[in-house]
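Sequences listed follow chains A and B, in order. Each residue of the first sequence is one higher than the one before, starting from 1 at the first, in the working numbering. Each residue of the second sequence is one higher than the one before, starting from 404 at the first, in the working numbering.
Possibly wrong hints are sitting among the right ones.
As the list claims (entries may be wrong) - Result set (BS3-like, lysine-lysine): computed pairs, CA atoms no more than 30 angstroms apart in a straight line:
| hint | chain 1 | residue 1 | chain 2 | residue 2 |
| --- | --- | --- | --- | --- |
| 1 | B | 418 | A | 229 |
| 2 | B | 548 | A | 387 |
| 3 | B | 418 | B | 430 |
| 4 | B | 548 | A | 205 |
| 5 | B | 450 | A | 205 |
Don't read these hints as lab results, they were simulated from the structure. Quantities reported herein were computed from a predicted structural model and do not represent experimental measurements.
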Amino acid sequence: MGKRTIVPIGPYHPLQEEPEFFTLTVDGETVIDIDVQIGYNHRGIEKLSERKTFDQSTFAVERICGICSTSHPYAYTRAIEDVIGLEVPLRAKYIRTIIAEGERIHSHLLWLGLAGHFLGYNTVYMWAWKLREEILDVMEILSGNRNNYAMFKPGGVRRDIKKEDIPGVIKKIDSIIPTLEMLKKAVIDDPVLHARTKGVGVLTKEEAINFCALGPTARASGIARDLRKDCPYGAYDRLNWDIIVTDNGDVFDKAVVRILETFQSIDMVKRCLLSLPDTEIDANIKNIPPGEGIGQIEAPRGECFHYVKSDGTNRPARHKIRAPTFMNLPTYKATVVGETISDATIILAAIDPCYCCTERMAVVNQKGKKLYNGEDLVRLSQAKTEKIKSRGGKFAARTKGIK
Amino acid sequence: MNRSDILKDIGERFKGEILEVFDKSPKRVYIEIKPQALVVIATYVFKNLGARFNIASGLDTHKHIEILYHFTFDEINFLISFRVKLLKNKLEIDSLAPIFEGANWIEREICEMLGVNFKGHPELKRLLLPDEWPQGVYPLRRDYKEWDDSSIRDRGL
Numbered sequence: 001m002g003k004r005t006i007v008p009i010g011p012y013h014p015l016q017e018e019p020e021f022f023t024l025t026v027d028g029e030t031v032i033d034i035d036v037q038i039g040y041n042h043r044g045i046e047k048l049s050e051r052k053t054f055d056q057s058t059f060a061v062e063r064i065c066g067i068c069s070t071s072h073p074y075a076y077t078r079a080i081e082d083v084i085g086l087e088v089p090l091r092a093k094y095i096r097t098i099i100a101e102g103e104r105i106h107s108h109l110l111w112l113g114l115a116g117h118f119l120g121y122n123t124v125y126m127w128a129w130k131l132r133e134e135i136l137d138v139m140e141i142l143s144g145n146r147n148n149y150a151m152f153k154p155g156g157v158r159r160d161i162k163k164e165d166i167p168g169v170i171k172k173i174d175s176i177i178p179t180l181e182m183l184k185k186a187v188i189d190d191p192v193l194h195a196r197t198k199g200v201g202v203l204t205k206e207e208a209i210n211f212c213a214l215g216p217t218a219r220a221s222g223i224a225r226d227l228r229k230d231c232p233y234g235a236y237d238r239l240n241w242d243i244i245v246t247d248n249g250d251v252f253d254k255a256v257v258r259i260l261e262t263f264q265s266i267d268m269v270k271r272c273l274l275s276l277p278d279t280e281i282d283a284n285i286k287n288i289p290p291g292e293g294i295g296q297i298e299a300p301r302g303e304c305f306h307y308v309k310s311d312g313t314n315r316p317a318r319h320k321i322r323a324p325t326f327m328n329l330p331t332y333k334a335t336v337v338g339e340t341i342s343d344a345t346i347i348l349a350a351i352d353p354c355y356c357c358t359e360r361m362a363v364v365n366q367k368g369k370k371l372y373n374g375e376d377l378v379r380l381s382q383a384k385t386e387k388i389k390s391r392g393g394k395f396a397a398r399t400k401g402i403k
Numbered sequence: 404m405n406r407s408d409i410l411k412d413i414g415e416r417f418k419g420e421i422l423e424v425f426d427k428s429p430k431r432v433y434i435e436i437k438p439q440a441l442v443v444i445a446t447y448v449f450k451n452l453g454a455r456f457n458i459a460s461g462l463d464t465h466k467h468i469e470i471l472y473h474f475t476f477d478e479i480n481f482l483i484s485f486r487v488k489l490l491k492n493k494l495e496i497d498s499l500a501p502i503f504e505g506a507n508w509i510e511r512e513i514c515e516m517l518g519v520n521f522k523g524h525p526e527l528k529r530l531l532l533p534d535e536w537p538q539g540v541y542p543l544r545r546d547y548k549e550w551d552d553s554s555i556r557d558r559g560l
């Protein structure tokens, strides 16, 4: 046996968008052990939510994650509706579905771009993100925002979709389909990508069940589970569609599942827009009775789970948030060991990790007095560095002379 | 198996271990069980009935620390939450992590947030809280008090 070496990745690394710290123990090129340390993004949103009213928490949880920003309010509002035992009006269901599927399109495209980037195939990165811009424009037309749409409220949606916007939106969505077809061929038929991703980082069906893997990570391993089908919510039971499942569980299959789901979501958005029913968009909830509620929805990365306990006041007594990456990330134990260092990055990226969600953070001033501006944040950062320096220890030695 | 078969099966098999059944809606049932029976019931539900473990959620109810273990039966759109109540002077329960990996991280999280000891967990170390967080301070407890007066994070300049 050769010499064992430890290769650290992170907490800050040019390939990672978010801070996390992987420790790879390697023997030559092969990874023999891996550990992860997270918590760099933890800001205690569950605790924070207990101090906010039910309405405010909708917006607080929207800020947990910038990419799947709708999945958290969706699961949260469904949890509250479960406490009450309420069905939202049909039009609100359709609008929620449109927003959630629009988000799935841009989230999957974002992942596809990043995966290309991780593999050194920057053409895919550029094309995917260019297409994503078009979808963000569509979301801006529908909700007023490119991200953090603020469309959800307990009992319905906050904003209606105007009839005159619909033809323009459909035209815009149609315009990206040919380019997306080209991108699909560039990824699925490319022999270099096959060599790089097929049979790499395999998550077997048994392991996927053992780790309770979710979403595309599980579906690529042959588990036909999709909450949109299994526990229909929104307008999904009115749309005719099938769960996309592949069997190999490797990085390539995870990419295939996401690409095909993107096409499916485009189709769903179009059909929902064309068949928007004409009803109210809000059930006008007056008060929330004591009780417990659970909201589950299929976010782009898998099931997003919210548990809310109400004690009859206007604040949640407990709000538990479980994002899909919390269950998907630990699968690295089964997929990375035995592979080479160069493959480790793409295997870790293949689950589409989202650490913001996993650690549930939010940029919200707890006391609600004042939001920070840029200067405040610089001052805060300097004050913290000074504080750590004055405390002494290892860190002080490292930052000596840095102003 | 459909919903009533599952409930009947669990009810008969673990008759002495079930304290209370709350049938909330067609999709949700909350079952309170004895803490010492958790491993047997969870193993049966996960391995034999093929349910998926969603997550566990801990809660401080003043008298007890309550943990809910949520299991979903995807095929029939049905969710059972097993509730265990632990007395505050004896916060210990058997770990589910040796049975399925999915319980590993959440037990680490509940341990650091509420101070529950999971017996038999392979690696019960911190998951989210920073290294400088003091031992024995649990942020999701009702009696949690701000411990770091000088913290700029909480003072909100």
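How the hints compare with the structure:
no.: 1; hint: 418(B) x 229(A); result: violated (34 angstroms)
no.: 2; hint: 548(B) x 387(A); result: holds (22 angstroms)
no.: 3; hint: 418(B) x 430(B); result: holds (22 angstroms)
no.: 4; hint: 548(B) x 205(A); result: violated (45 angstroms)
no.: 5; hint: 450(B) x 205(A); result: holds (14 angstroms)
Figure legend: structure checked against the earlier numbered hints; hints not met, in rising order: 1 and 4.
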